[in-house]
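Novice: As a plain string of letters, each chain reads:
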Amino acid sequence: MSTEATTETFDTEPIVVEHPLVEFVRMFLRNKAGVLGFAMLLFIVLTSIFGPLIYPVDPFEIVGVPVSPPGEDGWLLGTDSLGRDLVAGLIHGSRTTLAVGAAAAACTVIIGLIIGALAGYYGGWVDNVLMRITEFFQVLPNLILAMVLITLFSPTLITIVFSIGIVSWTGIARLTRAEFLSIREREYVMAARSIGAENQRIIWHVILPNALPPLIVTAALNVGVAILFEAGLSFLSLGDPNVMSWGALIGDNREAFFEAWWAVTFPGLAIFATVLSVSLIGDGLNDALNPKLRER
Amino acid sequence: MAENLVSVRDLKVHFPLKRKGMFGERPIVHAVDGVDFDLERGRTFGLVGESGSGKTTTALAVMRLVKVTAGSIRMGNDELATMEGEELRKARSRFQMIFQDPYSSLNPRMRAGAIVREPMDLMGIGEADTRDRRVEELFASVGLRPEQTALFPHQFSGGQRQRIGVARALASRPDLIVCDEPVSALDVAIQAQTLNLLQRLQKEFGLTFLFISHDLGVVQHICDEIAVMYLGQIVEQTDRVTLFKRPLHPYTWALLSAVPSADPAIRETAERIRLTGDPPSPIDLPTGCRFAGRCPFAKEICSDKVPPLRELADGHRISCHLVDEQGNAPHHGQSAA
Amino acid sequence: MNEKTPLLSIQDLSVEFKTRDSVVQVLHGVSLDVFEGETLGIVGESGCGKSMTALGVMRLIPMPPGRYKEGRILLRGEDLLQAADQRIHDIRGNEISMIFQEPMTSLNPVYTVGNQIAETVRLHQGLGKREALDRAVEMLQAVGIPAPERRVHEYPHQLSGGMRQRVMIAMALACNPSVLIADEPTTALDVTVQAQIFDLLGDIQERFNTAIILITHDMGAIAELADRVVVMYAGRRVEEGPVDELLQNPKHPYTKGLIECVPHLVADPPEVRAVLPEIRGVVPPLRDLGKPGCPFAPRCDHVIAACRTEMPGPFPVGPDHQTSCWLYGEGAS
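Each protein sequence line maps, in turn, to chains A, B and C.
Per numbering that gives the first Met the number 0, residue 0 is the first one in the first sequence, and the count goes up by one each step.
Per numbering that gives the first Met the number 0, residue 0 is the first one in the second sequence, and the count goes up by one each step.
Per numbering that gives the first Met the number 0, residue 0 is the first one in the third sequence, and the count goes up by one each step.
Derived by calculation from the structure, the hints in this document are not laboratory data.
Predicted, not measured: the structure shown is a model, and the values here were computed from it.
Wrong hints could be hidden among the right ones.
Here chain A is said to cover these stretches of chain B; the calculated rule only asks that three of the stretch's residues, wherever they fall, bring their Cβ under 8 Å from a Cβ of chain A [stated by the list, open to error]:
(1) 97-109
(2) 114-128
(3) 141-155
Glycine included, every Cβ here is placed at the ideal spot set by N, Cα and C.
Turn these sequences into a full structure, and let the hints guide you.
Specialist: Right under this line is the structure:
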């Protein structure tokens with residue numbers, strides 16, 4: 000047996016340096032549902048970008064006989080109860096949906112993340128105060144609060160985005176807080192402190208990157224929630240009247256449901272498909288980011 | 000004449016717990032309750048004890064990673080116990096730590112090279128453009144290859160991760176390294192490699208180690224001076240040879256005889272004293288000697304008066320009423336390990 | 000070898016795991032015997048397959064992705080690998096019991112300890128609630144927990160680590176099994192508590208004549224408790240023998256390395272700090288273990304040509320002592 004101190008590593012494994020982004024894409028591609036969701040969302044995004052260019056019909060213009068069934072009179076999906084083209088409505092509505100969905104979710108995440116991180120890291124009275132605020136917002140009826148805000152301030156897209164953001168952040172806040180509470184106790188956080196890191200650096204550079212995986216997944220799902228929220232508000236005629244929205248289409252046509260089922264069904268399917276695609280992506284993200292599934 | 004790098008005097012770390020009810024008293028955990036010792040430059044000082052002894056908390060206090068309730072930690076002209084803010088950050092480069100769990104002491108999202116470089120960036124050590132070269136030097140010192148700086152922690156084995164931790168601790172060229180159970184989580188063969196590495200580095204860089212461990216075999220191997228802790232206090236302290244050849248405190252003797260030994264010679268002669276029950280709570284401390292409740296030799300004086308930590312003629316420190324000035328202990332009538 | 004028939008006999012057990020890209024073999028032809036009333040120690044580092052062997056005996060290996068490639072596990076002559084599921088359920092906790100390393104996570108936090116002990120006897124012996132609880136109190140007494148009538152109603156978090164491990168032992172022994180498998184039972188405990196648990200296990204063995212399989216990486220624990228020892232490396236048995244014989248005359252280079260590289264507690268430590276003998280290198284990752292030859296060859300200082308081409312079978316090297324190393328093969332000096 001060797002009695003000399005040896006510090007060679009008899010480690011003959013080849014060094015595999017894979018960029019984390021490459022690894023992430025590889026893992027994501029493994030989840031078929033996630034890939035399907037991504038494909039669906041991609042289609043919807045492309046529609047919203049290029050749709051109006053390929054199909055330049057104004058969704059608000061009355062182009063034909065009202066309540067015209069799909070296929071007749073040259074309108075692919077028919078007209079609604081006001082005589083507007085449904086296809087144009089779907090295309091323009093997708094822009095609203097995606098824009099509001101993404102922006103509102105971003106708003107939600109930013110607010111929730113900051114509150115959750117501070118509460119989880121500092122604990123004590125900071126945590127107490129922030130959690131009471133969180134509980135207050137959790138208890139408020141979301142839809143009614145959003146309606147109130149929109150009524151107080153004019154119903155533009157920006158207001159809608161903020162209203163949704165303000166009432167939906169509590170879930171992310173709690174999740175972030177839980178992650179921070181757990182990660183705060185890990186040894187590498189203590190190690191960071193021992194090499195001179197201060198609180199701000201520890202929160203944003205040490206803990207947060209490690210807390211991200213469940214947050215990313217929840218954020219993806221929040222997009223779905225925001226989309227439904229926006230559709231609901233538009234359905235109640237509280238949306239921005241200057242932009243077309245799928246919810247508005249459904250709302251405007253709800254009384255004509257039996258005469259023009261297509262005017263309600265197709266926008267509804269569009270909402271369903273978008274929310275489904277986002278949920279599937281969330282599922283794929285979950286697998287891709289889950290450290291336990293990583294191969295050693 | 001060896002000089003003292005660090006002097007700790009009357010160190011106390013108390014943690015308040017939640018109050019019982021609205022008007023009840025706040026119970027306090029006396030994790031470290033009045034500890035003094037000196038760390039000689041270039042040598043290894045061991046702190047041993049079981050869970051609840053306060054050894055890890057003492058180490059964290061020296062590292063200023065927990066709040067010091069009272070006492071002094073002097074390093075040269077600096078009083079570490081009361082330093083704050085920027086002053087403390089600058090001082091940190093002189094004392095660094097190796098952590099116990101290689102699986103959780105490295106940030107999973109950072110590459111190994113970045114982990115070792117971070118202390119230099121945060122404490123402004125060296126010129127920015129020479130830091131990467133220094134990282135490679137450090138990797139070589141601990142037996143890792145420079146290409147491995149690009150890998151993430153999960154791509155390394157436990158022993159290798161611990162080496163990264165060692166490299167990180169060396170990055171700021173500290174005088175003192177606190178080792179908190181650095182090999183407990185490793186396989187035995189890797190333990191040997193890591194211990195040898197630590198010894199070699201100590202010689203090469205003139206490091207001073209504060210070594211925390213519950214494993215007496217490891218402590219016997221690597222430490223020069225050893226203090227035994229029980230419930231937040233030092234009960235015995237002396238050099239390595241003396242502690243194991245002729246332990247004075249009944250608790251030390253119980254600890255030594257409890258270690259299962261592969262040496263049949265030891266097993267035959269060891270008269271094992273069985274400690275019954277569990278140690279008392281560090282919240283409701285008993286009056287008198289804290290070990291009296293479990294000590295097989297306890298007399299009345301033991302539960303009445305707290306035994307002072309005395310220094311005997313040969314420098315051996317002992318806190319026990321039943322040990323006399325010549326160093327005769329109650330268990331010396333029985334066959335010792 | 001013993002003339003008696005073994006109580007439990009593992010014969011040529013091979014287990015493999017199917018991963019995404021490949022099949023990894025974790026146990027290669029492991030054979031060992033456990034006799035009534037004795038303690039068999041299985042020692043090795045992490046990844047050597049010792050825990051996998053224990054799980055294999057209890058058929059607790061998850062069956063996809065795991066698979067019993069070949070081998071037999073005979074309990075009093077009955078092959079457990081062929082037994083029906085119901086029979087295995089009858090055996091677990093009843094004839095063969097297991098205790099684990101982490102008592103906090105192996106005990107269910109939402110049930111009282113009495114409840115958990117009682118559950119095993121009610122399941123296997125059909126006792127009623129009242130009688131089962133009485134038995135639980137009896138078992139707590141047997142494992143040395145003071146005031147058992149009171150403790151039986153407490154929850155795991157109200158007990159210390161040492162006491163929780165005792166509760167685990169009580170649960171394992173409640174139905175008086177013939178074999179108790181202890182997988183690193185004291186690694187998470189303080190050394191004084193560890194000593195108490197070892198005494199308890201020795202006591203139990205004397206009183207109930209239970210065979211114990213002690214799985215550990217701690218040579219000292221083996222020396223304390225075991226009658227015979229098996230050393231495992233990379234899913235294979237590399238040496239086996241009576242404990243004193245093996246500790247004093249280890250033959251396999253890995254066994255020697257394991258014993259020498261641990262800093263043992265001695266009564267008279269040297270003045271100057273020594274350097275520990277090391278075993279070079281690291282345990283190879285599982286997927287590299289399919290290669291022919293002895294798996295220890297890359298780390299061995301005494302490697303010869305045969306080591307790289309063929310796995311050595313066990314060769315006798317002493318009384319009841321055998322090792323799987325070419326240095327001791329036929330024709331070796």
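Novice: Run every hint past the structure and note whether it holds.
Specialist: Evaluated hints:
For the stretch 97-109 of chain B, the assignment as covered by chain A holds, since 9 residues bring a beta-carbon within under 8 Å of that chain's beta-carbons and 3 suffice. Closer than 8 Å: that is the beta-carbon criterion, and the stretch 114-128 of chain B has 4 residues meeting it against chain A, so the requirement of 3 holds. Under the rule that three or more residues need a Cβ within less than 8 Å of chain A, the assignment of the stretch 141-155 of chain B holds, with 11 such residues.
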